[in-house]
Amino acid sequence: MSEEEEKSIHLYLVPTPIGNLQDITLRAIDVLKAVDVILAEDTRTTGKLLKHFEINRPLQSYHIFNEHKTVEKLVERMKKGEVMALCSDAGTPGISDPGFLLVRAAKDAGLEVNCLPGATAFVPALVNSGLPNDRFTFEGFLPHKKGRQTRIQSLMDETRTMVFYESPHRLMKTLEQFAEAFGQERMASVSRELTKVFEENVRGTLAELIAYYQEHPIKGEIVLVVEGTEGKGKRQHGA
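Here the numbering used here is used: position 224 in the sequence shown is 228, and no number is missing along the way.
Rather than coming from a laboratory, the hints here were simulated on the basis of the structure.
Just so you know, nobody snuck in bad clues.
Keeping only pairs whose Cα atoms sit at most 30 angstroms apart, straight-line, the calculated BS3-like set for lysine-lysine is:
hint, residue 1, residue 2
1, K223, K149
2, K111, K37
3, K84, K73
4, K37, K52
5, K177, K236
6, K83, K111
7, K223, K150
8, K55, K77
9, K200, K52
10, K83, K37
11, K73, K111
12, K236, K223
13, K73, K83
14, K77, K111
15, K52, K77
16, K52, K73
17, K236, K149
18, K37, K84
Take these sequences, add in the hints, and give me the full structure.
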């Protein structure tokens, strides 16, 4: 991108490390140093990152609880010339994190938006799983209550590998619900604490994973990767 094109950008989406601080890109550091204001899902979390890389720019809170109220004002400020960067606590903004509403509003207002490449949790989890990754579907977090079973039922015939985000205290429930819907022999992989000291990737059938986590209580952020019917069919036919 030329210097002239860089100047025309009003909003940058800046991925931040999901664990290891060294995973931030050089370009992300340059952008964060240059913008007028940094929008942060949690100013304390982003503040620590900025301090580590000696970045001293104004911080403003932007999270799921205030984004509906602040989007219009932020767009007006960008129209007047302010350049902003949006960071989530970890990973790429807008991927199961706040960001979509601001991007849509900025685009609708004719403003230029640029998403930098960088850290996100589901890609290393998918590749580490050993499951087919030429075609996959990212499902993010399942609904906690209403619509949960409906969503799972809708995926029973999904041919592609499925990728989910999950919390530690709901993992067992999800594995058990998947085993009931997809069958206990469906292959899956659980990745936690990616890029951190205690990173763990556990692969097996859903039944094996349930047995494993009954003996090994889990902590940390989780990515759950589940085989689709196409992968299951290839295994059964020796492909």
